[in-house]
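Numbering-wise (my numbering), the sequence shown opens with residue 2 and increments by one.
Because the hints were derived from the structure by calculation, they are not lab data. Here the structure is a predicted model, which is why all the values come from computation and not from measurement. Careful: at least some of the hints might be erroneous.
As the list claims (entries may be wrong) - List of simulated lysine to any residue pairs, SDA-like, C-alpha gap at most 25 Å:
hint: 1; residue 1: K154; residue 2: G122
hint: 2; residue 1: K22; residue 2: K41
hint: 3; residue 1: K146; residue 2: F91
Unchecked claim - Label pairs and their in silico Cβ distance ranges:
hint: 4; residue 1: Y75; residue 2: R12; range: 22 to 32 Å
hint: 5; residue 1: S4; residue 2: P134; range: 43 to 53 Å
hint: 6; residue 1: E33; residue 2: R12; range: 14 to 24 Å
hint: 7; residue 1: E33; residue 2: D105; range: 12 to 22 Å
hint: 8; residue 1: A123; residue 2: F57; range: 18 to 28 Å
hint: 9; residue 1: V7; residue 2: D128; range: 15 to 25 Å
hint: 10; residue 1: S9; residue 2: G124; range: 22 to 32 Å
hint: 11; residue 1: G79; residue 2: D11; range: 16 to 26 Å
hint: 12; residue 1: K154; residue 2: F57; range: 28 to 38 Å
hint: 13; residue 1: S78; residue 2: D11; range: 15 to 25 Å
hint: 14; residue 1: K19; residue 2: K154; range: 15 to 25 Å
Ideal Cβ placement from N, Cα and C applies to all residues, glycine included.
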Amino acid sequence: MSSTKVRSLDRSIQSSIKWLKDVQDELKWTDEERVYSATKVMLHTLRDRMIVDETFELAAQMPLLIKGIFFDGYDPSGKPLEIRSREKFFDIIQERFDKASGLDGETITRAVLKILYKRVGAGEMDDVMSSMPDDIQGLFIAAKKSLEESQSK
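Build the full structure now, drawing on both the sequences and the hints.
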């Protein structure tokens, strides 16, 4: 792998690649572009449902490049979006991702949330969860449990 010759930037690149590889492994996809797109869409949907202060607290835990993906195109006005159910959350992801892909937004959501718990940690993710409607909180609980189960194997 080539180097930028800037250690902190190289570390961020490597860390971001690991994040995306984790999502790729979770989704069991071979197409890295598709993994990147799915991760970006889910992060944007999550971000747009979060209160602005919590958005910045979560982003502070991300490597620079993932943070850039997270904030790409962000307009904090009118946030959080009124997404009260997991079905609406999944619909938005599906709409933003690729309707023709046949992949449901739930699969993407579960994979990315699990990796957020792994990479950011339960403390911050539980804070994010607490700002979500009950129906969406269940996704966070399931992601955390899935991570705990996979780590205990």
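The hints, checked one at a time:
At most 25 Å may separate the alpha-carbon atoms for a hinted pair to count; K154 and G122 meet this at roughly 19 Å. With a C-alpha separation of about 14 Å, the suggested pairing of K22 with K41 holds against the 25 Å cut-off. Pair hint K146 plus F91 holds up; C-alpha atoms about 20 Å apart against a cutoff of 25 Å. Between Y75 and R12 the beta carbon distance is about 24 Å. The supplied range of 22 to 32 Å therefore holds.
For the hinted restraint 43 to 53 Å between S4 and P134, the CB-CB distance of approximately 44 Å keeps it satisfied. Taking 14 to 24 Å as the suggested C-beta distance range, the pair E33 and R12 conforms, at roughly 20 Å. Between E33 and D105, the C-beta spacing of about 21 Å keeps the proposed range 12 to 22 Å intact. Between A123 and F57 the Cβ separation comes to about 19 Å, which falls inside the hinted range of 18 to 28 Å.
In this structure, V7 and D128 break the distance hint of 15 to 25 Å, their C-beta atoms being roughly 31 Å apart. Checked against the given bound of 22 to 32 Å, the beta carbons of S9 and G124, roughly 24 Å apart, stay inside it. Look at G79 against D11: about 37 Å separates their beta carbons, and that is not inside 16 to 26 Å. Remark: the range hint 28 to 38 Å for K154 to F57 is upheld by a beta-carbon distance near 35 Å.
Between S78 and D11 the CB atoms are about 35 Å apart, so this pair departs from the stated range of 15 to 25 Å. Checking the proposed 15 to 25 Å range against K19 and K154 shows it holds: the Cβ atoms sit about 20 Å from each other.
Violated hints for the displayed structure, listed by number in ascending order: 9, 11 and 13.
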